[in-house]
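*Asks:* Now for the letters of each chain:
There are 2 protein chains.
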Amino acid sequence: MEVDESVEEEPVPSPVQPPMSRDRVPLQKSSVCSRSYFMVVMVFFHVYIINVIALLFYVHYSNGSSRKEFASSTQHQHRSFDRPVSHERFSRTMHLPRIEGIRVGHVQKVSLVPNKVHEMRTLSLKPLLFEIPGFLTDEECRVVIQLAQLKGLMESQVMVPEGQEELTEQLNLSPEEIFNLLDLNQDNQLQPQEILTHSRVRDGIWLTPENLREIYAGLHADSDGNGLLSLEEFRALSGDAFQSFLKRRGLKRSQLVRNSRHTWLYQGQGTHHVLQDLRKRVTLLTRLPSELVELSEPLQVVRYEQGGHYHGHHDSGPVYPETTCTHTRLATNSTSPFETSCRYITALFYLNSVEGGGETTFPVADNRTYEELSLIQNDVDLLDTRKNCDKGNLRVKPTKGTAVFWYNYLSDGQGWVGEQDEYSLHGGCVVTRGTKWVANNWINVDPDYQRQARYQELVSQQQQEAPGEPSKSSSSQHIDHHVEL
Amino acid sequence: MEVDESVEEEPVPSPVQPPMSRDRVPLQKSSVCSRSYFMVVMVFFHVYIINVIALLFYVHYSNGSSRKEFASSTQHQHRSFDRPVSHERFSRTMHLPRIEGIRVGHVQKVSLVPNKVHEMRTLSLKPLLFEIPGFLTDEECRVVIQLAQLKGLMESQVMVPEGQEELTEQLNLSPEEIFNLLDLNQDNQLQPQEILTHSRVRDGIWLTPENLREIYAGLHADSDGNGLLSLEEFRALSGDAFQSFLKRRGLKRSQLVRNSRHTWLYQGQGTHHVLQDLRKRVTLLTRLPSELVELSEPLQVVRYEQGGHYHGHHDSGPVYPETTCTHTRLATNSTSPFETSCRYITALFYLNSVEGGGETTFPVADNRTYEELSLIQNDVDLLDTRKNCDKGNLRVKPTKGTAVFWYNYLSDGQGWVGEQDEYSLHGGCVVTRGTKWVANNWINVDPDYQRQARYQELVSQQQQEAPGEPSKSSSSQHIDHHVEL
Chain Y
0 MEVDESVEEE
10 PVPSPVQPPM
20 SRDRVPLQKS
30 SVCSRSYFMV
40 VMVFFHVYII
50 NVIALLFYVH
60 YSNGSSRKEF
70 ASSTQHQHRS
80 FDRPVSHERF
90 SRTMHLPRIE
100 GIRVGHVQKV
110 SLVPNKVHEM
120 RTLSLKPLLF
130 EIPGFLTDEE
140 CRVVIQLAQL
150 KGLMESQVMV
160 PEGQEELTEQ
170 LNLSPEEIFN
180 LLDLNQDNQL
190 QPQEILTHSR
200 VRDGIWLTPE
210 NLREIYAGLH
220 ADSDGNGLLS
230 LEEFRALSGD
240 AFQSFLKRRG
250 LKRSQLVRNS
260 RHTWLYQGQG
270 THHVLQDLRK
280 RVTLLTRLPS
290 ELVELSEPLQ
300 VVRYEQGGHY
310 HGHHDSGPVY
320 PETTCTHTRL
330 ATNSTSPFET
340 SCRYITALFY
350 LNSVEGGGET
360 TFPVADNRTY
370 EELSLIQNDV
380 DLLDTRKNCD
390 KGNLRVKPTK
400 GTAVFWYNYL
410 SDGQGWVGEQ
420 DEYSLHGGCV
430 VTRGTKWVAN
440 NWINVDPDYQ
450 RQARYQELVS
460 QQQQEAPGEP
470 SKSSSSQHID
480 HHVEL
Chain G
0 MEVDESVEEE
10 PVPSPVQPPM
20 SRDRVPLQKS
30 SVCSRSYFMV
40 VMVFFHVYII
50 NVIALLFYVH
60 YSNGSSRKEF
70 ASSTQHQHRS
80 FDRPVSHERF
90 SRTMHLPRIE
100 GIRVGHVQKV
110 SLVPNKVHEM
120 RTLSLKPLLF
130 EIPGFLTDEE
140 CRVVIQLAQL
150 KGLMESQVMV
160 PEGQEELTEQ
170 LNLSPEEIFN
180 LLDLNQDNQL
190 QPQEILTHSR
200 VRDGIWLTPE
210 NLREIYAGLH
220 ADSDGNGLLS
230 LEEFRALSGD
240 AFQSFLKRRG
250 LKRSQLVRNS
260 RHTWLYQGQG
270 THHVLQDLRK
280 RVTLLTRLPS
290 ELVELSEPLQ
300 VVRYEQGGHY
310 HGHHDSGPVY
320 PETTCTHTRL
330 ATNSTSPFET
340 SCRYITALFY
350 LNSVEGGGET
360 TFPVADNRTY
370 EELSLIQNDV
380 DLLDTRKNCD
390 KGNLRVKPTK
400 GTAVFWYNYL
410 SDGQGWVGEQ
420 DEYSLHGGCV
430 VTRGTKWVAN
440 NWINVDPDYQ
450 RQARYQELVS
460 QQQQEAPGEP
470 SKSSSSQHID
480 HHVEL
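Same order as they appear, the protein sequences are chains Y and G.
Read in order, the letters of the first sequence correspond to residues 0 to 484 in numbering that gives the first Met the number 0.
Read in order, the letters of the second sequence correspond to residues 0 to 484 in numbering that gives the first Met the number 0.
Excised from the complex, chain Y in its bound form (with noise of 0.2 Å):
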């Protein structure tokens, strides 16, 4: 709309003036030879030359611009991303289309590579989830394992987690201000689920009911013995007593919240082919403007061998005034204890048909509420993918091929991210027998439209500083934020 005002403003010939000087033509028939009458008629035939041509250019720009806003608002198509003078506020000209989910159960038809129609349909609607079986074919699929072995596969999680102190010391907590964060009906005792759910945030060892009863045991904890710890019983307990005592008692992987091995594919000009089309493919599946694929985070493979899972867990986590997103954190020169990825979509590919289990599941799918401590009921942890799987709402089944993608975070209202969407919680169910191959495409979009607006402004003024390597100035960002994940 900025652009039809301000170019109505220009001067534009008015459709009055030609009669007027035709009218005048007849009257001065006898001096039509003189060298004067000459000189009008050229300069008025040059002005109408000159006005064409202006006419012309402005007909082919405003053209332009409403078919852009045309294509990209009814047919979702990418909508280039223009860098406004100023460069404190960036307008809002970036929308991020969401697919409609229509129903669980709806079909649609996506074109995705040439001479194929893909069909998506609609798993959940918290999370807007969906499933494309047949996305990447065998051959591809045989390619990224291929590739991800080649660079060779790291541990998701180390056995002992370090640092996991920091934060609350960062924060400077007593332990009376911690037992009220962690007392979350406020009834000044905790509850088992109340210290699982707080353990789950906090480090990579994964608790059960049954270990915690054990630690209460273990280190006299729970004086009175009643299964709950009063602001006394918690006070007499260090920072980490629980973690310690685990550590002492010997650990296994299957006793962390990740057991897997993983490694991150650059996706960018000059890798195999295959990893360029199935970006190229995730722009068109989930129709977000191409920059914002780009400039995400690689490629990440993941290997689950049999007894391997992944408990559940959100990719992204809530967005408050102060949280920062890891991937425009450079860009903004922002300091903040909160951090999160900010990975507005998950793009997840079944590299292999699992012999058994290894399903995806999303236990609190299309819930009517989510309440976090309700998760664990009755010794039920609905977290736990190694024993209580079969107990969520939605379980999706690890088939060669098949894409599911859903979006961690809610819409805004005003076409951009918005909230966290808590039901995106997901996991990946104990691998029972085989091994279990996914990668991940995660597209990362910052919550807050400027800081994203100038991180990627930033990015592409350092690209064209070093024109020659775009692809890894982009991505090598992320694999030093990524490398532990």
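Bear in mind the hints are in silico, worked out from the structure with no lab data behind them.
A quick note: this is a predicted structure, and the numbers were derived from the prediction, not measured.
For each label pair, taking beta carbons as the anchor points, the in silico distance ranges come out as: (1) Q275/Y <-> Q275/G: 57 to 65 Å; (2) D378/Y <-> N184/G: 31 to 39 Å; (3) A53/G <-> K279/Y: 37 to 45 Å; (4) Q275/G <-> F56/Y: 42 to 50 Å; (5) N332/Y <-> S459/G: 53 to 61 Å; (6) L218/G <-> S110/Y: 57 to 65 Å; (7) T92/G <-> P132/Y: 31 to 39 Å.
Not the full set, but computed from the structure, chain Y residues with beta-carbon under 10 Å of chain G: (8) F44; (9) Y47; (10) L409; (11) G417; (12) D420.
Positions of the beta carbon are idealized from the N, C-alpha and C atoms, including for glycine.
Dock chain G against the given chain Y, drawing on the hints supplied.
*Replies:* Structure of chain G alone, referenced to chain Y:
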């Protein structure tokens, strides 16, 4: 896009020509005074003037259309309804925006009247349901009630429904076929739920599990006394046996599906300004094309006395390929035994605050699944708004001036009306104290785009023939169909 392309094919003056004619000027300097040369110059001159005018028109035209496109797609304003030359197939030029619910509890600001901002809260996503406090002023509520009283209200449902056997007769079904249709779980026996579920659809008497036991006993229908009807037992009953039994025993108004009185108020030109304002406000609220809102049913005003209720129901039925819509039926000349009102949106206004009861209940709102049979379990019938309003998922308290609105149909994924949203099931809880006044605005849209387009074309042709009475001609059609609702 079509417009742009066709215009580009028109002859556009080439900017190369003028320099050529300029080059010739110095070469023919001597003959500059000749009349023929003057004629040539003037012809060029006029051709350019015509071109400039043509270009100005084109700029104006393409400008206008791009602005329209932009407004309707990004700001959700109304798109004009283009009528193509062909009267057979209408191209999809009309799109119906759906308001984003984001999540339950999300609040968005909406501008509906000058100098006031309303807050619209998402109450549920299934159905997509919003609440807007203060949508009507106290004065407006008073006017609507008085206009309804002036016009006079009639019983919403007659005591003894007539013509209830029509459909069955028309379809010419044998008792075996009916038995099979009723036997939803195909166990060759009719459970009480199966009888009750069917009964609500077919006629106006509300059967409760207790009624059914009474009827079985009175008619000796369940000869083996197991609470189930076998095919033999079912065959022994006549088609209207249950209803006849209840009628013989005497019916109270509280035993009907609906116990209220109502009337219809036109909202077109010449009617009270409050009614016209209300319609405009509904257009702004729903962001639908104003033509659609104007061609919809008149305002229905309903009064529930103490003890009044409306059991759980859908405002509009499912749409199968052979289903016709009441409002487009005349335009499409189709005859089908399956007809529904095709109410895309229900906007419900509370005209007073009820002293006790009278909530609007959405028993399955945001449920994970919808199963008709599981609505009746262990003698608890979630559709019964006299008994079980407290057991439903969501209740809206009637507060004077508050509006709620919801979508009775899903999107089809292409900007038009899709399948029925079964979760839009709702009812009016029994009024325990005082009187309840509400008004309903339904927005009728045919899920068949072609039929809706043909209907709108027909109405606009009629309006052109008789421009004096545009509002009457469109809504007089409705009163015939909906007087009995």
